[in-house]
Structures are given as C-alpha cells and as structure tokens.
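Given these sequences and hints, build the entire structure.
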Amino acid sequence: MLQINEIEVYYGAIHALKKMSFEVEQGNIVTLIGANGAGKTTTLKTISGLLRPKNGSIIFNNQDITKTAPEKIVDLGISQVPEGRRVFSTMSVMENLEMGAYLRRDKKGIADDIENVFTRFPRLKERQKQMAGTLSGGEQQMLAIGRALMARPTLMLMDEPSMGLAPLLVKEIFSIIKEINERGTTILLVEQNAHMALSIAHQAYVIETGEIVLSGTAQELLNSDEVKKAYLGG
Amino acid sequence: MDAVLSQYIDPYFLRIILIIGINIILALGLNLITGVTGQLSMGHAGFMSLGAYTSAILTMNYGVAFPTALLGGSLVAALFGFFIGLPTLRLQGDYLAMVTIGFAEIIRVFFLNFEPGGKAVGLSGIPQETTFLTVWGLVAVAVFLNARLLSSRTGRAFYAIREDEIAAESCGVNTTRLKVTAFVLGSFLGGLGGGLYAHYMFYIDPQVFNFTKSIELLNMVVLGGMGSIPGTILGAVLLTILPELLRVVAEYRLMFYGALLVILMIFRPNGLLGDVRIYDLKKRWGLGKNK
Ligand SMILES: Nc1ncnc2c1ncn2[C@@H]1O[C@H](COP(=O)(O)OP(=O)(O)OP(=O)(O)O)[C@@H](O)[C@H]1O
Ligand SMILES: [Mg+2]
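So the sequences go chain by chain: A and B.
Heads up, the numbering used here is the position in the first sequence plus 3, with the first residue counted as 1.
Heads up, the numbering used here is the position in the second sequence plus 314, with the first residue counted as 1.
Simulated from the structure, these hints should not be mistaken for lab results.
Misleading hints may appear alongside valid ones.
What the hints assert, rightly or not - If we take Cβ atoms under 10 Å as the criterion, some of the chain A residues that face chain B in the derived model are:
id	residue
1	Gly52
2	Arg55
3	Val77
4	Asp78
5	Ser82
6	Gln83
7	Val84
8	Pro85
9	Arg89
10	Glu98
11	Asn99
12	Ala104
13	Arg150
14	Ala151
15	Ser202
To be verified - Which chain B residues stay away from chain A? Per the calculated CB distances, all over 10 Å, these:
id	residue
16	Ala317
17	Leu389
18	Leu393
19	Val457
20	Ala471
21	Asp478
Quick reminder that beta carbons are idealized off the backbone N, C-alpha and C, glycines included.
Printed below as a string of structure tokens:
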C-alpha cells in the first residue's frame with residue numbers, strides 16, 4: 004500500500020532521515036518505534052506532504068506522491084493524527100470533526116461519520132458543543148483521532164497517541180486503534196511506548212538517528228534482545 | 315440625502331458616524347487577515363493609502379467616475395495584498411509583522427516622493443463624493459459578505475489556520491492559498507476604506523496613513539475580539555468615538571493605543587466580545603438554519 008524508498012530529509016544542515024526505506028502493507032498496523040529525536044515525526048510529516056524529501060520516493064497505491072501537496076494526499080486517503088494532538092482549541096468538538104471532513108462534500112456521509120465517531124467516543128458526544136481547548140488530554144486525543152477518521156482514510160498516520168496520557172487511557176486509546184484497524188483502516192503508528200505499540204502491531208521497524216536499524220514482525224521484535232534492552236527496559 | 319440628514323443631525327455627529335462606517339470597513343479587512351486567519355499585519359494603513367491615492371488620482375486627473383475609481387483603488391490595494399501575502403507563507407508572527415510595517419513605510423515614503431500625489435503636501439480638492447448612504451450601504455454589504463464568508467466552509471478553514479496551521483493542513487486545507495486569499499480580501503477592504511476616506515476628506519497626505527493609523531486599526535480588531543464581526547464593529551465604533559472624547563490624548567495617540575493593547579492582553583486577551591462569530595450568535599439566538 005505504501006512504499007518509502009530511500010528518502011532523505013534535511014532541516015537546513017541537519018540530516019534528519021538517511022536513505023530511509025520501509026513498507027506498509029494494506030490491512031496492517033505497522034509501527035515505527037524509536038527514541039526522542041530519532042526521526043519518527045519527520046517520517047510522518049514527509050509522508051503527509053508537510054516536508055519534502057531531497058531524494059527518494061514515496062509510493063501510495065502505486066502512485067508516486069513524493070511531490071504531491073498535503074491536501075491532495077488527504078484526498079487520496081491518508082490522514083494523520085499529529086503529534087501533540089493539535090486540536091483547534093477555540094472551536095467546538097463538533098466543528099473540529101467537521102474540519103476533519105473538510106475535503107468531503109457528501110453531507111449525508113459526513114453526518115453519518117460524525118455519528119460513528121460519537122458512537123466510538125461517547126465522551127465526545129456529551130461534549131460536542133464544548134471548546135476543544137477545554138477537553139482533557141485524553142479527550143483531545145480522542146478528538147484528534149475522530150477528526151482524522153472524518154476524512155475516511157484508508158491509511159491513518161498516528162504520531163505518539165499515547166504521549167502524556169495516564170496508563171489506563173493509553174490502554175483505551177490502543178484498543179481503539181486496534182478496533183479502527185479491524186474495521187479496515189491501515190495504520191502507521193509512531194510510538195515511544197514500544198511495548199504497547201508492539202503488542203497491537205503486525206509489522207514493526209526500529210528507527211535510530213534517521214535510519215531503520217531493525218525490522219520484523221511485531222512478535223519478532225518483542226522477543227529480540229536488542230529491542231528488549233533498548234526499548235522495553237531489559 | 316446628506317443634506318436632509320444634516321438638517322436633523324448635528325454635522326459634527328454626522329461626520330463621526332460616517333468615519334465610524336469607514337473605520338468599520340477598514341477594520342473588517344484587517345480582521346480577515348489578523349483576527350480570523352491569524353496573520354499579524356501591522357501595516358493596514360499602507361493598503362488604505364493605496365486605495366486613497368489611486369482613487370483620488372483617478373477621479374481628479376482622469377475624470378473617472380467615483381464608483382469606478384473606488385473599485386480601482388480597492389483592486390490596486392488587493393494586488394499589493396497579494397504580493398504582501400506571499401511572504402506570509404514562510405513568515406510567522408513577529409517576522410510577518412515586521413514585513414507589513416516595512417511595507418506600509420515603503421508605501422508612505424513612496425507617496426512622500428510621488429509627484430502626481432502632491433508629495434509631502436498631499437492631494438487637496440478631492441471631490442467629496444463619499445456620502446452617508448455610500449458608506450453605510452457599503453458597510454452593510456461588507457458585513458453581509460463577511461458573515462457569509464466566515465460561516466462558510468472556507469471561513470471555518472480560515473479560523474482553523476489561525477488555531478493551528480499544521481493541523482489545518484493535515485485536514486486538507488490548502489493553507490497557502492487561503493492565507494493569500496485572506497490578505498487579498500483584507501487589503502481590498504483596506505483600499506475601499508481608503509478611497510471612501512479620500513473622497514470624504516477633500517484632502518489626504520502621506521502622514522494620514524502612518525504607523526499610528528495601522529496600530530489604531532489593529533486595536534479596533536483586537537479590542538472587540540479577534541475574528542469576530544460584531545467585535546470588530548464594536549472596536550471600530552469605540553475607537554472612533556473615544557479619541558474624539560479624549561481630544562487631549564490626540565498628541566499621545568500611539569502611547570494610548572500601545573497602553574490599550576497591553577491592558578487588553580492582560581485583562582481580555584480575547585477582546586471585549588471574545589470570539590463571538592456571527593454564526594455563533596445565530597445559533598445562540600436560534601436564527602436561521604445552521605450550516
Ligand atoms: N523544524 C526542525 N528544524 C530543525 N531540526 C529539526 C526540526 N524538526 C526536527 N528536527 C530534528 O530532526 C531530528 C528528528 O526529529 P523528529 O521530530 O522527527 O524526532 P522524533 O523521533 O519524532 O522525536 P520525538 O520522539 O521526541 O517526537 C531531531 O534531531 C530534531 O532535532
Ligand atoms: Mg516526534
């Protein structure tokens with residue numbers, strides 16, 4: 004579904020991604036784990052068109068999207084839950100969800116999908132008129148996920164959805180991710196919480212200073228000594 | 315009409331009411347750029363002067379009809395808005411503010427040396443074509459179109475850009491295009507206000523459109539509530555009347571505006587009306603159908 008071929012991304016002189024290659028297969032949850040500053044966010048931003056690689060290519064459903072504009076990429080079916088949630092804080096929950104469907108014109112479909120999001124996240128339904136900035140961290144994360152779903156993505160990019168959440172909420176968020184995937188959305192999940200990510204993922208890659216250093220099925224990485232030592236706390 | 319009105323209303327009040335209208339148009343333009351879309355512009359007087367000079371020269375030197383001249387001035391301002399809007403794609407906050415201040419200064423210095431504009435002396439004898447009806451008619455149109463725009467899908471996207479540009483982009487908003495659009499529409503209204511002003515005052519000179527004027531307009535937007543149409547109108551009304559009441563502060567206008575900005579930022583960071591948008595009011599009052 005998605006192929007990343009030797010992309011190189013720079014921030015000025017900083018070489019953030021070095022010939023990075025990996026693949027996301029349709030129907031899977033693929034996770035990219037790595038420490039702070041490894042280049043996870045950079046990878047997702049490059050896929051969604053917010054950053055441009057200097058070299059290399061990104062292929063989505065056999066189409067080269069390396070130079071495609073971000074809004075076109077959303078239109079093609081890739082939406083993202085950005086790092087740190089980034090909800091529109093002075094807009095209501097409802098308006099945030101509507102923004103997620105910005106490129107869609109099918110009023111009926113949008114209304115249905117808002118209902119679906121509310122069914123999945125009853126807490127958002129209760130707070131639909133509340134300003135997003137006044138939601139708790141967990142609720143904001145749910146809203147960010149809901150907003151991304153409103154674009155009806157076939158591939159969803161998620162940047163550290165567990166960041167800053169209490170363990171119980173992290174569990175809840177991960178079970179939601181799993182459920183979204185089971186309903187047919189492919190997921191590329193970036194995480195520092197390697198244990199949780201590997202427990203729900205099919206395929207996994209380990210990224211260090213802009214390079215993929217290890218890859219395999221999630222199960223393989225869970226059992227790998229290197230991963231255990233570096234990311235799973237022994 | 316104006317003659318009739320002046321029989322009933324004191325000319326001094328009539329004049330203030332008219333200037334309030336012009337300021338509302340100017341401030342609505344700046345509100346689109348800074349209040350709604352969040353691109354800090356501190357050079358709105360630059361667009362105003364482009365509209366003022368262009369339209370005045372058109373009516374005085376080329377015998378162009380007033381409505382056409384007014385449109386011409388607004389279009390010239392909008393064209394400059396387009397070019398000033400382009401750097402906003404790369405610049406944010408303070409840097410953009412600096413570019414817009416620089417732009418307005420360059421325009422001012424240009425008119426200081428512009429022969430057809432009378433250089434430092436300015437232009438006088440501009441036909442007084444701006445009437446009470448023209449101004450308030452255009453205010454009504456501007457408010458109506460602004461309200462339509464801001465309650466539309468595009469309007470929502472403008473607010474989204476202000477809230478979080480990256481998130482807006484990841485929702486599929488073409489932030490590049492919309493930021494430039496906001497600048498073009500906002501500067502068009504700036505030019506329109508300038509043209510109305512010139513054809514009301516008889517007389518313009520480059521000093522009218524100085525930095526203080528830009529800050530005064532910015533204050534109107536901030537005072538009432540960034541991004542809110544009722545707020546902007548309230549801001550324009552208050553900041554037209556207040557300086558009239560406090561004639562003494564005339565000398566210290568910039569200081570007064572600076573202090574006002576600081577006080578607002580501390581006590582009412584969202585302005586007097588907060589972020590009340592027309593469609594919120596509609597919802598609150600149960601008017602019309604919600605989009
Ligand atoms: N805007 C930027 N300008 C310059 N350097 C940047 C910028 N954004 C990221 N970097 C650098 O690129 C590298 C990769 O950053 P990135 O944000 O992709 O890391 P990450 O894996 O997402 O980290 P974290 O887990 O902390 O979110 C880091 O060295 C970072 O300092
Ligand atoms: Mg990151």
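Query raised in the report: Checked against the structure, which of the hints given earlier come out wrong?
Result: Violated hints: 2, 15, 20, 21; rest satisfied.
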